[in-house]
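Trainee: What follows is the residue order along each chain.
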Amino acid sequence: MRFVILVMMASVLSAQTPSGNAQNGKKLFESIGCWQCHGHEGQGGAGARIAPRPIAFAAFQKYVRQPADQMPPYTAKVVSDQDLADIYAFLQSIPQPPAAKSVPILNR
Amino acid sequence: MANRRNFLKGAAAGAAALVAKTPLAKAQQQQAQNRGAALPSATALAAETGPVATSVEAMTADHPGSDFMVDILKALGFEYIAANPGSSFRSLHESIINYGGNKAPELITCCHEESSVHMSDGYAKVEGKPMAVMAHSTVGCQHASMAIYNAFAGRVPVFVILGNTIDANARRPGVEWLHSAQDATAMVREFTKWDDLPISLTHFAESSIRAYKIAMTPPMAPVVIVADSELQEAPIADRAKLRIPKLTLASPPAGESGAVAEVAKLLVAAENPVILADRAVRSEAGMKLLVELAETLQAPVLSGKFPSRHPLSIAGGRGLIRNADVILGMEVPDFWGTVNNVRDQQEKSVQPLTKRGAKLISISANDLFIKSNYQDFERYTEVDIALAADPETTLPSLIEACKRLITPDRKRALEDRGKKLAAAHEQALEQARTAATYAWDATPISTARMAAELWEVIRDKDWALAGGAGASRLWNIDKHYRTISGAGAAGVGYSAPASVGAALAHRKHGRLVVSIQNDGDLMYAPGVLWTAAHHRIPLMSVMHNNRAYHQEVMHVQRMANRHQRGITNAGIGTTITDPNIDYATVARGLGIHGEGPITDPKDLGPALRRGIEIVQRGEPVLIDVVTQPR
Numbered sequence: 001m002r003f004v005i006l007v008m009m010a011s012v013l014s015a016q017t018p019s020g021n022a023q024n025g026k027k028l029f030e031s032i033g034c035w036q037c038h039g040h041e042g043q044g045g046a047g048a049r050i051a052p053r054p055i056a057f058a059a060f061q062k063y064v065r066q067p068a069d070q071m072p073p074y075t076a077k078v079v080s081d082q083d084l085a086d087i088y089a090f091l092q093s094i095p096q097p098p099a100a101k102s103v104p105i106l107n108r
Numbered sequence: 001m002a003n004r005r006n007f008l009k010g011a012a013a014g015a016a017a018l019v020a021k022t023p024l025a026k027a028q029q030q031q032a033q034n035r036g037a038a039l040p041s042a043t044a045l046a047a048e049t050g051p052v053a054t055s056v057e058a059m060t061a062d063h064p065g066s067d068f069m070v071d072i073l074k075a076l077g078f079e080y081i082a083a084n085p086g087s088s089f090r091s092l093h094e095s096i097i098n099y100g101g102n103k104a105p106e107l108i109t110c111c112h113e114e115s116s117v118h119m120s121d122g123y124a125k126v127e128g129k130p131m132a133v134m135a136h137s138t139v140g141c142q143h144a145s146m147a148i149y150n151a152f153a154g155r156v157p158v159f160v161i162l163g164n165t166i167d168a169n170a171r172r173p174g175v176e177w178l179h180s181a182q183d184a185t186a187m188v189r190e191f192t193k194w195d196d197l198p199i200s201l202t203h204f205a206e207s208s209i210r211a212y213k214i215a216m217t218p219p220m221a222p223v224v225i226v227a228d229s230e231l232q233e234a235p236i237a238d239r240a241k242l243r244i245p246k247l248t249l250a251s252p253p254a255g256e257s258g259a260v261a262e263v264a265k266l267l268v269a270a271e272n273p274v275i276l277a278d279r280a281v282r283s284e285a286g287m288k289l290l291v292e293l294a295e296t297l298q299a300p301v302l303s304g305k306f307p308s309r310h311p312l313s314i315a316g317g318r319g320l321i322r323n324a325d326v327i328l329g330m331e332v333p334d335f336w337g338t339v340n341n342v343r344d345q346q347e348k349s350v351q352p353l354t355k356r357g358a359k360l361i362s363i364s365a366n367d368l369f370i371k372s373n374y375q376d377f378e379r380y381t382e383v384d385i386a387l388a389a390d391p392e393t394t395l396p397s398l399i400e401a402c403k404r405l406i407t408p409d410r411k412r413a414l415e416d417r418g419k420k421l422a423a424a425h426e427q428a429l430e431q432a433r434t435a436a437t438y439a440w441d442a443t444p445i446s447t448a449r450m451a452a453e454l455w456e457v458i459r460d461k462d463w464a465l466a467g468g469a470g471a472s473r474l475w476n477i478d479k480h481y482r483t484i485s486g487a488g489a490a491g492v493g494y495s496a497p498a499s500v501g502a503a504l505a506h507r508k509h510g511r512l513v514v515s516i517q518n519d520g521d522l523m524y525a526p527g528v529l530w531t532a533a534h535h536r537i538p539l540m541s542v543m544h545n546n547r548a549y550h551q552e553v554m555h556v557q558r559m560a561n562r563h564q565r566g567i568t569n570a571g572i573g574t575t576i577t578d579p580n581i582d583y584a585t586v587a588r589g590l591g592i593h594g595e596g597p598i599t600d601p602k603d604l605g606p607a608l609r610r611g612i613e614i615v616q617r618g619e620p621v622l623i624d625v626v627t628q629p630r
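Residue numbers (my numbering), protein chains in the order written: chain A, 1 to 108; chain B, 1 to 630.
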């Protein structure tokens with residue numbers, strides 16, 4: 001039963017998350033200026049951290065189109081839905097960082 | 001005004017006799033004989049060495065007026081005077097180095113007047129008093145003006161002396177006219193606290209003492225005194241008749257007792273008070289008072305001058321402001337912007353961050369002094385109580401007033417709040433540690449990694465961050481002098497010279513001084529690195545080299561997005577690439593140790609350790625780190 005639910009959830013998620021090209025997403029992330037506020041690896045800076053483990057694609061897309069706070073909106077006129085899917089794929093591809101406790105100089 | 005031109009009449013003497021008598025003629029004769037060359041004619045020598053037949057001024061003086069000016073500078077206790085040399089203050093320059101022995105004040109050679117003033121700004125933030133600056137009244141003051149504005153908006157005391165020649169008849173032709181103005185301080189009057197054009201040495205003494213006192217009375221700010229060249233160069237007629245008035249600094253204004261009692265009542269009764277203390281603290285004693293107030297109330301504090309590892313130290317704080325019922329803002333330059341949220345989006349919107357009924361209290365010396373032209377006073381803030389007073393001076397009476405009102409029951413409630421805030425503080429620290437791990441091994445190097453590596457090499461020393469990008473949340477900022485604030489008016493080009501000035505102030509205390517130096521900022525006047533080398537000012541500048549005027553990249557990006565076009569073009573005109581600047585080479589060319597560019601985070605720690613060794617030998621060093629944008 002549990003297995004069936006997991007499969008159903010996975011299929012729902014995949015339906016909501018369009019397939020994207022992470023390599024192209026990385027290029028777009030740089031060329032359209034996402035890195036300026038979010039850092040080259042989405043770690044955050046002037047803007048919020050957005051990787052790894054980005055928020056669900058639907059929320060991500062909604063925020064990019066109509067940001068709630070200071071982020072400039074990226075309309076479909078300048079960034080297509082497919083471009084967003086590629087960027088999202090890039091963000092998903094970013095590996096997990098080390099645990100803070102495993103980095104001695106962060107614990108002084 | 002004294003006349004330096006004492007005309008000699010009948011000065012023409014026999015040229016031939018002079019040829020034989022003057023030391024120069026003798027030397028030339030001897031030199032020519034040694035070389036076996038033909039001697040110049042007597043006429044030629046006379047033309048070079050002899051007095052002309054017309055009236056001539058006696059330009060020698062044992063003690064020019066500028067010697068007395070040096071006496072004044074010494075009386076005011078200036079350790080240093082920064083200047084890019086200029087003919088309009090040549091006599092004062094000479095008096096400082098010869099009559100004054102180039103000590104207290106010592107002349108600091110700067111490559112730009114903006115550097116002179118910004119150095120003075122950084123020095124004052126550490127030392128709590130100004131160092132002096134000399135500049136030309138026109139071109140020098142024009143160069144200095146942005147830095148003076150930064151000091152004005154930052155409420156920093158800076159003492160500027162402008163060389164000028166007011167008497168048209170006394171000016172040499174050409175450049176001296178270009179370097180004179182009839183109202184030399186007009187250009188900066190809108191953003192200085194006081195200025196004067198003294199026309200006698202007695203006047204100069206009185207105005208200098210007055211200017212110093214004004215600069216040091218909160219709200220502190222720059223002052224400018226014109227040193228007329230005639231006044232500098234003319235001989236002192238009778239030194240015994242000149243005196244320097246006694247300096248008595250004004251006691252800063254403290255809050256009126258009734259208003260203080262009202263503030264205390266609100267704070268003690270508040271369920272969720274917040275203390276904002278941007279520029280409230282300017283000394284170690286002030287920092288301790290701020291801690292005492294926070295602990296008395298068990299209230300969170302948002303301030304760069306509050307110990308960062310104190311349980312009541314809170315970073316960010318928007319959530320606290322939203323939840324606050326009483327907000328105490330002490331010397332907050334933009335109180336309105338702190339308690340409101342402005343969205344700069346497709347449509348601009350403004351929303352109060354505070355909840356309905358929240359009480360706002362302001363304690364600020366800025367209510368005592370404001371000018372109209374430059375808009376550094378920010379938007380008008382609607383507050384419930386406003387004390388026109390110096391916060392640091394008001395803190396003791398406010399603390400006492402709060403203590404008097406706290407009953408044992410209230411104390412228990414406050415302690416419970418303190419425990420919750422301490423837990424939130426610990427949680428925020430953990431979150432900051434986790435946040436620092438993201439992009440830990442990235443190239444370019446993350447700013448969090450850079451800050452962590454830098455902290456690792458300074459944390460066991462008596463360190464100070466002398467400007468540039470702010471200290472990390474993870475650093476233990478436990479003393480007032482550990483950090484200085486940024487450019488008062490956000491004028492870029494501040495950090496490099498201010499950090500050298502701050503390092504100069506730290507030098508006699510033997511502190512290990514570092515700065516996190518933004519690349520765009522350094523390129524305004526990189527010559528200040530030479531000043532650091534020349535004067536052996538120990539400072540490790542760690543470049544935050546993101547190869548852009550990054551804030552402007554984001555602004556242009558915002559505009560492109562808003563206009564829905566060209567969103568890939570934000571780098572045009574905002575980035576510092578093609579070619580990349582090799583800052584280590586620039587540093588070496590200016591006489592300081594340079595290392596980098598460092599792009600691999602694994603190389604950073606060892607480079608910083610090498611840099612620290614150099615700084616501890618008393619020399620400046622620059623480590624170029626290629627970084628993520630923010």
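It is possible that part of the hints are untrue.
Unchecked claim - Derived DSS-like pairs: lysine-lysine, alpha-carbon spacing no greater than 27 Å straight-line:
#, chain 1, residue 1, chain 2, residue 2
1, B, 508, B, 419
2, A, 77, B, 508
3, A, 101, B, 420
4, B, 602, A, 27
5, B, 371, B, 403
6, A, 101, B, 419
7, A, 62, B, 348
8, A, 101, B, 265
9, B, 129, B, 371
10, B, 420, B, 265
11, B, 419, B, 74
12, B, 355, B, 288
13, A, 26, B, 602
Claimed, not checked - Have a look at the derived ranges for each label pair, beta carbon to beta carbon:
#, chain 1, residue 1, chain 2, residue 2, range
14, A, 68, B, 563, 32 to 38 Å
15, A, 69, B, 492, 21 to 27 Å
16, A, 46, B, 536, 50 to 56 Å
17, A, 108, B, 616, 47 to 53 Å
18, B, 257, A, 46, 15 to 21 Å
19, A, 24, B, 588, 23 to 29 Å
20, B, 616, A, 98, 30 to 36 Å
21, B, 341, A, 58, 21 to 27 Å
22, B, 462, A, 46, 28 to 34 Å
I should point out that these hints are in silico values taken from the structure, not numbers from a laboratory.
Quantities reported herein were computed from a predicted structural model and do not represent experimental measurements.
The beta carbon of each residue, even a glycine, is placed where N, CA and C say it ideally should be.
Trainee: Out of the numbered hints, which ones does the structure contradict?
Mentor: 1, 2, 5, 8, 11, 12, 14, 16, 17, 18, 19
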